[in-house]
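A.B. asks: Single-letter residue listing:
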Amino acid sequence: MAVLTEAPAPVRAAPAPPRRHTHRVNRPSSWYLLPAVVFFGVFAALPLVLVLYLSLTDWTGVGTPAFIGIDNWTRLFGNDAIWDVTWTTLLLTVLCWVTQTPLSILLGVWAAGPQRNRAVLSALFFLPLLLSTAAIAMLFLRFFDPYLGVGRTLEPFRNILGTTSGAITAIVIMVGWQFVPFHTLLYQAAARNIPKVLYDAATVDGAGRWHMFWYVTLPQLKNTIITSSTIMIVGSLTYFETIFLLTNGGPGTSTRTLPLEMYFRSFRQYEFGYASTIASVLVIVATSISLIIVKFSGFAKMRSTLEGL
Amino acid sequence: MVPQRLPRRSFLGLLGAGVGAGIVGCGTDATSSGGGGGNFQVWVLQEESQNVAHNVAIDAFNKSSDVKARLVPSPNDGYTDKLHVSMGSANKPDVFYNWGGGSIRTYARDDLLVDLTPYFDKDKAWKDKFLPSVLDAGKIDDKYYGVPARGMQPIILFYNKAVFSDLGVEPPKTWTELMTIVDKAKAGGIIPFALAGGDPWTELVWPEYLVDRVGGPEVFNNIAAGKKDAWKDPAITKSVDMIRDLVQRGGFGDSFASVRWDGAGASTLIAQGKAAMHLMGSWEYTNQVTDQPEYAKTNLGFTDFPTVDGGKGDPKAIVGNPTNYFSVSKDSKNVDAAVDFLKKEMASTAYVDAWLKAGDVPAVTGLDARMDKAVDPKFAKLVYDMVNDAPTFQLSWDQAVEKAQAQPMLDALSKVFLGQLDAAGFVKANEDAA
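Protein chains in written order, with my numbering: chain A, 3 to 311; chain B, 77 to 510.
If you are wondering where the hints come from, they were derived from the structure by calculation, not from laboratory data. It should be emphasised that the depicted structure is a prediction, and the values quoted were computed from it without experimental measurement. We treat Cβ as the ideally placed atom computed from N, Cα and C, and that holds for glycine. Some hints could be false.
[Stated by the list, open to error] Pairwise CB distance ranges (calculated):
#, chain 1, residue 1, chain 2, residue 2, range
1, A, 69, B, 185, 45 to 53 Å
2, B, 187, A, 240, 40 to 48 Å
3, A, 54, B, 185, 28 to 36 Å
4, A, 69, B, 298, 32 to 40 Å
5, A, 46, B, 259, 56 to 64 Å
6, B, 259, A, 233, 47 to 55 Å
[Said to hold, decoys possible] Interface residues of chain A toward chain B, partial, derived using beta-carbon atoms under 8 Å:
#, residue
7, 63
8, 145
9, 146
10, 250
11, 252
12, 266
13, 283
Based on the sequences and whatever the hints tell you, model everything.
C.D. replies: See the structure below:
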């Protein structure tokens, strides 16, 4: 907003009153915000505060939480296992982003085109979006079974859930299969919005397919890439049911992520205070990462990729 | 946790997390007054086929009693959470279903439960109606807090008869014989033991039996009681070494860690003759009867866990899930009526027959003559004799220890099976959690 309102000022002294007038017309009353604010307050902000409080207590889920100060926090950072868990979480996040983003962009740009059979094939690609995570996990569990599934004939898949690298690969494959369609949809919509004149101009300049994709399509998709990446990264940090159902954090503890650790600590071990500490860390990490993305991508300025057209 | 071991355990467990979270807010609904005013509640799991027996008991009791019993069924997966929350509130159940051991130890120690020892002492005839090993498995700090309420589920060594005859071997009597079979099976391209290693509780049956055979029941009793350095017992180290040896020999094939219990991966392997043996609870038999009836009828064999040379344990001792128990909460307004209910009904002919018909073998003495009432008399007799002859019946370790220690124990054990942890590491991981 700042950019749009300040830019004209030095050019010509526009009369102040009309601007304020425009201002009033464009901005609805703040009261419109109320339902959203109340909803956010009750279901997001308040629980967040309560979790922060619980992270300072010792609580089995029954009775009154006993206040123990920062004991849970010192215990958390003094625990080697938590670093393994954090490392696994970050590794999965990076792997998911690295595999899903290129796939989604390519599929999305392709699906935005006018080819024959495109509609039919896109519809097929979107099918995984209709399935629940639990159903998908059960499906992949059978698929990866070493004796009854694909591993029977395909050697590299045989013990895939039984090794650390294999289990991580399996999760990346399954999560990708599940979420690539969603991000493809984002890119498809964005690619459809790229004005045809840009491609016409590129054609005139003698650009080939590859150059058009690299110098026109990709820059035009910048904002979508940022949105999609934020969703993907924050989503990957909090994947729970996928991993819980597919590997249960195994083999051993090699695919145990922060959300799983949180669940095991609370509902299996009844250490709700310590689990709340993990939850708080997750909130802090996820928020920081999305803030960093927004900050360094210039997303906050909301610059349109269509400026000048 | 008997029913949770059935398929879909983890899937429903996930739903359970949601249910558990929802329960906190509704501790007072439907369950009303904690049993005041001439009735008391009996909390059980919501299992249609199983509650037939519970209803038989309640109807019989209510006919002759002024204080009425009322059945309050809850879904399996939210049950322990619901119980946990209500035990901390003013709305405690009067009589409730539990797994003994770790599932009620904190309540017993917080003095929330009626100590049933004096009642048993006063009424020897009542006490003698239950199999002693099962009754004792429910003891906490040497006191009785539970009355056996339903079927027994010992861990049994299952084997495929066809595979055994192909290999030319007999069911193993000793650990050495077992190792010979393992080597022969491997040489014949057969996986010696089916194992759903993706779910570490299936691996727990191994240290449970081995520690008992090597060091006797005291070793784990000390652990469950929370005694200092209990995990450092040499029997633990020896058992873990034996397990590591078995894994390294290929005793479970090389892909066991990819097999999950859900989907019956392990059970299918032995039924199809790809694996020779399966060390699993008696529920494995029920599953095979349903899923692989042909195999269950012809080739399903079962035997005791072998002895270990030089071991201190009794070769007849067993491990598994002794039974489920009914406990009475101290706060109940009708403690006398509740205990009376357990006295009159838990070993009654009608109640026992209802269980036999449902496929369970209750922990009641003198059942030999009534085995023909069971769905499968042959198997019922095996389970019954096994428990009847057993000097001790060790409750599954994950149920016996404190909640906070069970998960670290399972984590450490699965790392032992994966070869990531040796005996010293296993002991240390458990000592750290204890």
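A.B. asks: Find the hints from earlier in the document that the structure breaks and name them by number, from lowest to highest.
C.D. replies: 1, 8, 13
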